[in-house]
Amino acid sequence: MDEIPYTIKAREDSGLYNAKLGIWLFLSSEVMLFGALFSTYIILRIGSVDWPLGSSILHVHLGALNTLILISSSITMIMAWVSLKQKKFDTFRLFQGATILLTLVFLGIKLSEYSAKFHHHLYPSHSTFMAIYFTLTGVHALHILGGLVVNSYNLGPGSKMWKTNPEQFTNRIEISGLYWHFVDLVWLFLFPVLYLT
Amino acid sequence: MRSKNYFLTLIFSIVLSVPAFAATITGTAKFDGEVPKFKEIKMDADLICLSHHKEAVYPQKLVLGEGNTMGNVFVRVASGLAKKDYPVPTQAAVLSQVGCMYDPHVIAIMQGQTLKILNPDGTLHNVHSLSKINPEFNLAMPKFKTETTKVYDKAEFMFAMKCDVHPWMEAWVTVTENPFFNVTKADGKFTIDNLPAGTYDIEAWHEKLGTQKQTVTVAEGETKDLAFTFSKPGSKK
Amino acid sequence: MSESHSHDLPFWRKYIFSTDHKMIGLQYGLTALCFLLFGFSLMLLMRWELANPETAIPFIGKFLGESFSPMTPDAYNELGAMHGTIMVFLAIVPLVVGAFGNYVVPLQIGAPDMAFPKLNMASYWAYFVGGVVMFASFFIPDGAAKSGWTSYAPLSVLSIGQGQTFWLLGMVFLITSSLLGSINIITTIFQLRAKGLTFMRLPFFVWAQLVTNFLLLLAFPPLEAAGILQLMDRLAHTSFFMPSGLVISGQPLEGYSGGGSVLLWQHLFWFLAHPEVYVLILPAIGIIAEILANNIRKPLWGYYSMVWASIALGFLSFVVWAHHMYLTGMGTAISSFFQATTMIISIPSVIILTCLFISLWGGSIRINTPMLFALAFLPMFGIGGLTGLPLGLSSPDIHLHDTYYVIAHFHYIVAPGTIFAIFAGIYFWFPKVTGRRMNELLGHLHFWPSLFLMNCIFIPMFTQGMMGMSRRLYDGGMQYAHVQGVLNLHGMILYSAIGLAIFQLPFIINLLWSIFKGPKVTSDNPWDATTLEWSTPTPPPHGNFSHEPIVYRGPYEYSVPGASKDFVPQDQEVVK
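Residue numbers (the working numbering), protein chains in the order written: chain A, 2 to 198; chain B, 73 to 309; chain C, 9 to 584.
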């Protein structure tokens, strides 16, 4: 007895394969992580005397653009998985590449926003608003970066698995997709909370 | 190794102190106006502190001598000196905590000079250096720790040294780049000697009454006398 | 004893970067036992200082450096903060979850390994790096963190030197490790149970691990967030925990914008740290339940209620955290809420303890070393739990808060509680791990003095605490008039602690000696136990089971009427 069961096929009673349960558990812990950060935002804001209007400091248009970009990347991510399900490896490569491209654009815009803030001497130490802005978006950007690494691996060296074990490879894309949608979802909270209110 | 260093320093100090033509600036700091009344420091919280004093203790903010001469005024050459590395005194400066008061109240040392901090009180003191340029330290000195040494590596003007156990304890520390400074005693007198000839801004600092500046030109071998008069801001001169 | 086919792996793959859950469990166990010993010796130094304030430590003081001869208050603060951190995050949790969870859970559920073996290795190494970072912080200038294991802001944010930063970085590694580990164990329990092993047939230990790992999974991320925020405060000078108008030593603090909340740190910290208490105790109860059931030779009384009680504990532990904060001025409404939940959470704990006590009734009890520790656990945990009630009510807490009473209370739960359970577990599963038995005589020599001395250490602290002696005083409260009468108890505690240290020697000797020279077991199931781990070869090879186990019955079918033996293993199809 050596093989670990349910690495690819789902277990009947749980309806999940191992990694899928694993990623859901991981995401639940991520909810707690960002939950704590958002709670921090709420507590700081409630306790503050004059909380600045986010739109007066941050660039709403850039934020909105980034929102669109992330949503599109979620769509391409799903399409990449769907293509694998349809056994179309080339379409997968196309969509996976698009996801990565959109991610890079997102990070580029984020970086330009950061450098604009630094240029105006708006550092995290400037105020609690800037502090929570940099921390929340920074932690989020780290998650984006992590997703970028995983997605690039799955497009590059990792995609060799398609030849040897297509089912497991499809699962991998599904799981990285679940993670990606979560990161996208976090941004959907971040954007209105920081930029619009 | 070490003795060689001492030897070199000795040579340097001799070379630097010998020039007979060096200029000297002397002077007196005085207080003008009505002498304010200070509240007595209550040391009842620590019986050991209390036992060190027979009479009432007052803050060392304004120490006056006969004829209202002022102690605890820090005088330095603020500008006019050549930028160079001045030799660091080998002798350590001493800051003592006597009777739960800092002695001296205002202390100036050179960068790199050893500062010896003493605790002869037999109680717990806590030396909290609120320095900003030099690394801050916060050192507990229980009664068994009667002595400790610290070195400040960078010049820094007037920061507080506080004891977190006895909140009334406060000293002012300056770390200078050069040896041309002096702190007045109650007689208000200061002397800055071995100055090369030249024109200098002489600055006198007091923790509450502010800073005053005078420009003076000294020739080699000359001694000039300055007078600084401090008064409470708002009161007439 | 079957030959493991993993013997062809090179040394470093088999013993160092191993992906086998058993090897990782042992790595966790050995590392954490070292940290346990280290944390214990920090405590001995502190105890010397408390009993003999400002006196040089004899013999070893001069080897420890200037700040230990005699010990300075700063050094004492370092020891205090690091004793707590090391014991909780580097010793106990890795032992009960990392070691026992890793080793025993897959065996008890009939799995070949953990669900994610590589992740398992990663979590051990994250733990190891976290441990190294924490340990290294003792050797940097200005020393290790000294703001208490709770790292309350703004003291911790402003603490001088890099010790606190090291602490935070170390915590990030340890949290990551726990997180990966908990995902792994939960997935394993859900996905890899053997055929026929339904949830209500799981051994109670597995249930305890399941609840514990959910707590780790959901409670640790807020602390990670808090750690990130404090790192930002320390490194980027943000003001998450820095209120406006802060005055330090009579001088207004510069360089911080202010506007932060000091209580925010406490909320985030205790949101983790209260569930953490159940992380410390639940797996211990799980170990005790296994050993108890095995040695009373009858089913556990109230298995179902124990399972539901532990699930209830898991949920409730998330809504009691602010009972650590009654004195922060949260307001009476919030205090009342947390008093109520705190009283409610005592109910499931009492249910579990009562079930274990009643299980003893009418059993034909076998006395052996693991059973001794398990029996001692019950009243010790009881004392620890019941003394917590006054702390859970806000009015007595005003008097007892931050006194030695609190120390005594939670140490009763963790020291003669969890640590006894850990010893019990080591004595119990040792034959499975090594194929050899530990020495019973040395076991007795370890147990009886430990039990006696543990009580000599912690009972005086209740007295001191009720007299109002504050914790965290480097001189033990020498300067305070109201504790003069109980100062001499420090001496008794010190000598008991030294005694406790001495009587751990039989255990260490026993452990090392038995690994190589202990008498070999003659059967795969030396304790005549029912759960699945005993039907593996001894020691279990890579892949654990020689054939796929199928489970036919509940976990504790001892003394089944009509059976020829007094136990029926879970994978035995018919009672015969």
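Because the hints were derived from the structure by calculation, they are not lab data.
No experiment lies behind these values; they were computed from the predicted model shown.
Mixed in with the good hints, there may be bad ones.
[Unchecked claim] What follows is a list of derived Cβ distance ranges for each label pair:
| id | chain 1 | residue 1 | chain 2 | residue 2 | range |
| --- | --- | --- | --- | --- | --- |
| 1 | B | Lys188 | A | Ile47 | 32 to 40 Å |
| 2 | C | Leu45 | A | Leu63 | 30 to 38 Å |
| 3 | B | Lys114 | C | Gly476 | 21 to 29 Å |
| 4 | C | Leu163 | B | Phe110 | 56 to 64 Å |
| 5 | C | Gln492 | B | Gly139 | 50 to 58 Å |
| 6 | C | Ala64 | B | Ala232 | 45 to 53 Å |
| 7 | B | Lys111 | A | Leu197 | 36 to 44 Å |
| 8 | C | Val327 | B | Ala165 | 55 to 63 Å |
| 9 | B | Thr263 | C | Pro66 | 23 to 31 Å |
[Stated by the list, open to error] Which stretches of chain C does chain A cover? Using the computed rule of at least three CB atoms under 8 Å from a CB of chain A, they are:
| id | stretch |
| --- | --- |
| 10 | 189-198 |
| 11 | 235-245 |
| 12 | 268-274 |
[Claimed, not checked] Computed list of lysine-lysine pairs in DSSO-like fashion (alpha-carbon distance at most 30 Å, straight line):
| id | chain 1 | residue 1 | chain 2 | residue 2 |
| --- | --- | --- | --- | --- |
| 13 | A | Lys21 | C | Lys22 |
| 14 | A | Lys161 | C | Lys525 |
| 15 | B | Lys111 | B | Lys261 |
| 16 | B | Lys296 | B | Lys109 |
Think of the CB as a built atom: it goes at the ideal place given N, C-alpha and C, for glycine as much as any other residue.
A quick look at each hint next to the structure:
1. Lys188(B) / Ile47(A): 32 to 40 Å: violated (51 Å)
2. Leu45(C) / Leu63(A): 30 to 38 Å: Since Leu45(C) and Leu63(A) have Cβ atoms about 55 Å apart, the given range 30 to 38 Å is violated.
3. Lys114(B) / Gly476(C): 21 to 29 Å: holds (25 Å)
4. Leu163(C) / Phe110(B): 56 to 64 Å: violated (32 Å)
5. Gln492(C) / Gly139(B): 50 to 58 Å: holds (52 Å)
6. Ala64(C) / Ala232(B): 45 to 53 Å: violated (33 Å)
7. Lys111(B) / Leu197(A): 36 to 44 Å: violated (55 Å)
8. Val327(C) / Ala165(B): 55 to 63 Å: holds (58 Å)
9. Thr263(B) / Pro66(C): 23 to 31 Å: violated (52 Å)
10. 189-198: Held - the stretch 189-198 of chain C has 6 residues with a Cβ nearer than 8 Å to chain A, which meets the minimum of three.
11. 235-245: holds (count 5)
12. 268-274: With 3 residues close enough to chain A, the hint holds.
13. Lys21(A) / Lys22(C): holds (28 Å)
14. Lys161(A) / Lys525(C): Judged against 30 Å, a Cα distance of about 50 Å means the pair is violated.
15. Lys111(B) / Lys261(B): holds (27 Å)
16. Lys296(B) / Lys109(B): violated (34 Å)
Checked against the numbered hints listed earlier, the structure breaks hints 1, 2, 4, 6, 7, 9, 14 and 16; every other hint is satisfied.
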